[in-house]
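Going line by line, the protein sequences match chains Z and S. Take the first sequence: its position 74, counted from the start at 1, is 73 in numbering that gives the first Met the number 0, and no numbers get skipped. Take the second sequence: its position 22, counted from the start at 1, is 21 in numbering that gives the first Met the number 0, and no numbers get skipped.
Don't read these hints as lab results, they were simulated from the structure. We put the CB at the ideal spot given by N, CA and C, even for glycine. Wrong hints could be hidden among the right ones.
As the list claims (entries may be wrong) - Simulated crosslink set (EDC-like; lysine to aspartate or glutamate; CA at most 20 angstroms straight-line):
1. Z/Lys37 with S/Glu9
2. Z/Lys170 with Z/Asp119
3. Z/Lys95 with Z/Asp152
4. Z/Lys37 with S/Glu18
5. Z/Lys62 with Z/Asp21
6. Z/Lys37 with S/Glu12
7. Z/Lys62 with Z/Asp90
8. Z/Lys37 with S/Glu10
9. Z/Lys131 with S/Glu10
10. Z/Lys179 with Z/Asp191
11. Z/Lys131 with S/Glu12
12. Z/Lys131 with Z/Asp152
13. Z/Lys62 with S/Glu20
14. Z/Lys156 with Z/Glu166
15. Z/Lys126 with S/Glu9
16. Z/Lys131 with S/Glu9
17. Z/Lys37 with S/Glu20
18. Z/Lys126 with S/Glu20
Claimed, not checked - Between beta-carbon pairs, the in silico distance windows are:
19. S/Pro42 with Z/Arg32: 34 to 44 angstroms
20. S/Arg6 with Z/Ser77: 27 to 37 angstroms
21. Z/Ala72 with S/Thr25: 28 to 38 angstroms
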Amino acid sequence: MVASRNIQALSDADLIARYLRDQNARYFSELYRRYAGKVFAKCISMLSDEGLARDAMQDVFIKVLLNLSRFSAQSTFSTWVYSITYNYCIDLIRKKKKVQMIYSEDVGKLSKETEVELPDSVLLEMKQERLKEVMQHLPPGDKAILMMKYIDDLSIKDIADVLNKTESAIKMQIMRAKQKAQHIYSELYANDPIEDEEMNPNTVN
Amino acid sequence: MSNIFVRMQEENEQRVPPELERHLLTQVNHINVFGRVVELFVPNALQTAARIIGGSPEDGPVDMGGDRNALSPEDWPDWRFPPGRSVR
């Protein structure tokens, strides 16, 4: 019997290697405990539905299990699991909710001159409830890109690998996602100045 | 200090339904059992099918054991002569 304290001390790579060697579910169970919360949080944010998020999380972990032998150490295990999660959620939204627009605009449609780079503070200084609301109105691809950038802290290259796009396409998409978020925010809260006062208390005084 | 996106994620992380782990591990065990059954029975089933259609175990690939390409230098083919002809 494997002591649980020993299992907890193992790295992700060791757990995977031992699971593949012994097929002992306790190793996979430990991987689940490490990533269940994060995967569930991503599913909820992407799908905005707790029931769907539960099913999605189970499916994601089964996919992870069935593809464990294909995991190569080119990326970290967490990045690999998150990439399965994001792509699964995007596919699910496309199929179940019949959403055609995955990203706010087709990448490359507009020339670079028309794009304006917005600062990160546009999103990071919103109140949490309002950000949640804005995120719900964003197309799923934009949502995934912003989560990868601001939650998982992935590089542009990693995001491009996860979504199978070029780095320049991802840069453009981040720019557009921020613009879209700001646009949604101003539509939803145009007549509500409370946020501005709370965001910039100095200007109120 | 963590940014607002991370705080939002941390809140959602607390909402994982506890019964999901049990469901998932049951599925994992089923998959493992199914995999073992396949590993155990499929090769024999294929061999049986091969016999039914007229094959025999001797027709299949033979395990030579060890490195089958390991020839002693004495046995190396002489590149100067076409196969079948030799100076020796």
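So, going through the hints one by one against the coordinates:
Under the criterion of a C-alpha separation no larger than 20 angstroms, the hint pairing Z/Lys37 with S/Glu9 is consistent with the structure, at around 8 angstroms. Among the hinted pairs, Z/Lys170 with Z/Asp119 is consistent with the structure: their alpha-carbon atoms are about 13 angstroms apart, no more than 20 angstroms. Distance restraint check for Z/Lys95 and Z/Asp152: the Cα-Cα separation of roughly 29 angstroms exceeds the 20 angstroms cut-off, and the hinted pair is therefore not satisfied. With a CA separation close to 16 angstroms, the supplied pair Z/Lys37 and S/Glu18 stays within the 20 angstroms bound.
For the hint pairing Z/Lys62 with Z/Asp21, the CA-to-CA distance comes to about 19 angstroms; that is within 20 angstroms, so the pair holds. Of the supplied pair hints, the one linking Z/Lys37 and S/Glu12 holds, its CA atoms being roughly 6 angstroms apart against a limit of 20 angstroms. The suggested pairing of Z/Lys62 with Z/Asp90 holds, with an alpha-carbon distance near 14 angstroms, which does not exceed 20 angstroms. Between Z/Lys37 and S/Glu10, the direct Cα distance comes to roughly 10 angstroms. Compliance with the 20 angstroms bound is thereby established for this hinted pair.
Distance hint between Z/Lys131 and S/Glu10 is fulfilled; the C-alpha atoms sit about 12 angstroms from each other, no more than 20 angstroms. Restraint check: the Cα-Cα separation between Z/Lys179 and Z/Asp191 comes to about 19 angstroms, which is no more than 20 angstroms; the hinted pair holds. A hinted pair counts as satisfied when its Cα atoms are at most 20 angstroms apart, and Z/Lys131 with S/Glu12 qualifies at roughly 15 angstroms. For the hint pairing Z/Lys131 with Z/Asp152, the CA-to-CA distance comes to about 19 angstroms; that is within 20 angstroms, so the pair holds.
At roughly 15 angstroms between alpha-carbon atoms, Z/Lys62 and S/Glu20 fall within 20 angstroms of each other, so this suggested pair holds. Between Z/Lys156 and Z/Glu166 the CA atoms are separated by roughly 6 angstroms; this keeps the pair inside 20 angstroms, and the hint holds. Taken as a hint, the Z/Lys126 and S/Glu9 pair is honoured in the structure, with Cα atoms around 15 angstroms apart against an allowance of 20 angstroms. For a cut-off of 20 angstroms, the pair hint linking Z/Lys131 to S/Glu9 stands: about 13 angstroms separates their Cα positions.
For a cut-off of 20 angstroms, the pair hint linking Z/Lys37 to S/Glu20 stands: about 14 angstroms separates their Cα positions. For the hint pairing Z/Lys126 with S/Glu20, the CA-to-CA distance comes to about 33 angstroms; that exceeds 20 angstroms, so the pair is violated. Range check, S/Pro42 to Z/Arg32: Cβ separation about 36 angstroms, and the 34 to 44 angstroms hint holds. Between S/Arg6 and Z/Ser77 the CB atoms are about 19 angstroms apart, so this pair departs from the stated range of 27 to 37 angstroms.
The given range of 28 to 38 angstroms is respected by Z/Ala72 and S/Thr25, whose C-beta atoms sit roughly 30 angstroms from each other.
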